[in-house]
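Make one complex out of these two single chains by using the hints.
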Amino acid sequence: MKTRIKEFRARHNLTQDALALKVGVRRETIVFLEKGKYNPSLKLAYDIAQIFKMKIEDVFLFADK
Amino acid sequence: MAKNKSKLLITSIITLLLIGGIIIGFTGLETFRGLNLIILILIIAFAIIAFTKAFKKDREIKKGFPAEDEMSNLIKYKAGYHSFMASMYMWLFIFLLKDKFPDTETMLGGGILLSGLISFIITFFVKRNFNENPN
Chain Y
2 MKTRIKEFRA
12 RHNLTQDALA
22 LKVGVRRETI
32 VFLEKGKYNP
42 SLKLAYDIAQ
52 IFKMKIEDVF
62 LFADK
Chain Z
1362 MAKNKSKLLI
1372 TSIITLLLIG
1382 GIIIGFTGLE
1392 TFRGLNLIIL
1402 ILIIAFAIIA
1412 FTKAFKKDRE
1422 IKKGFPAEDE
1432 MSNLIKYKAG
1442 YHSFMASMYM
1452 WLFIFLLKDK
1462 FPDTETMLGG
1472 GILLSGLISF
1482 IITFFVKRNF
1492 NENPN
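Protein chains in written order, with the working numbering: chain Y, 2 to 66; chain Z, 1362 to 1496.
Next up, chain Z with everything else stripped away, as it sits in the complex (with noise of 0.2 Å):
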């Protein structure tokens, strides 16, 4: 098991070190400042999330275990509904804080980005305090 953990704990800083190297030759390191250097991080962050998820898996998978299952699907349904709800109220936020964005495609991109963002929160938080008997 730690050897699965350090074979993916390097894969995916090797991704990231990949993805980064990638964007800054294409871009140019004085492109990375401030809020652009904060959304590169997150977009980073979160393909290395996904990379993970799908490779564990994918590993499931192969050892016979079904993709999903009852209680998975529970437990997408709840954070589905809350990271729904939570969304709405960002870009209502966003909406209302239009004119603080440099322009339309930053504050486009950086809405989406925290939607993925509180989604990924709120599926932890569902996740770690699911308990249909709290009593």
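Same shape as in the complex, but just chain Y (with noise of 0.2 Å):
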């Protein structure tokens, strides 16, 4: 699954620590989540897609089979 937490996190202004710790999770998970090697609950998806005013498949792309 591929995401777009780094282009969103560019548009605003967060670096992984600062995004870590608005979502409440360790930096490892932000940058696990990016490089597409973690899927994550759906509550966490939840609160990242809130940070940057979202929707959750506008951030986390999911590839059809």
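No wet-lab data here; the hints were simulated from the structure.
By construction, the Cβ of each residue, glycine as well, lies at the ideal position given by its N, Cα and C atoms.
Any given hint could be a false lead.
Stated by the list, open to error - For the chain Y half of the interface with chain Z, some residues (derived, Cβ under 10 Å), not all of them: (1) L22; (2) G25; (3) V26; (4) R27; (5) T30; (6) F33; (7) L34; (8) P41; (9) S42.
What follows is the structure in structure tokens.
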């Protein structure tokens, strides 16, 4: 699963640390999310989308099979 | 960042020397030969690793980050499962070779240390290769 977290972070001028603090996770989790190595829980995905004022499906890109 | 790392390194070396000095002071140098020396080195290495991890975690908590989150817990559960399975085989192996050990204490202590080592190595590899979307 790909994400646009890095893009939105840049748009909102947020570091990985700052975003991690806002959503209540460790910085490492944000790093793994941006690399597409980790699938977040629904709550975390929602919290991140809320920070960027976007919908979940705009931030997290699900590939069609 | 570099300043913190060198501070940590210096503190770790001092801790190592202190622990080593205390142990040698109480038991004498002649005790540390062969297997005893390896066990002592492993104990000190674990102490340093545990101290370093605790120090890093404490710093992160002070910055406002959580001690654990959903991803770190998931990694812990995966690593824990694999460590448990590997340790079971390790103990079976030790049991089969029990006659090779000089005494029960050495066998048990070595087994406990090896369990710790296995856990550390497996956690390292689980974290490094963690990828829920390999394609």
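(request) Report the numbers of all earlier hints that the structure fails to satisfy, in ascending order. (result) Hint check: nothing fails, all pass.
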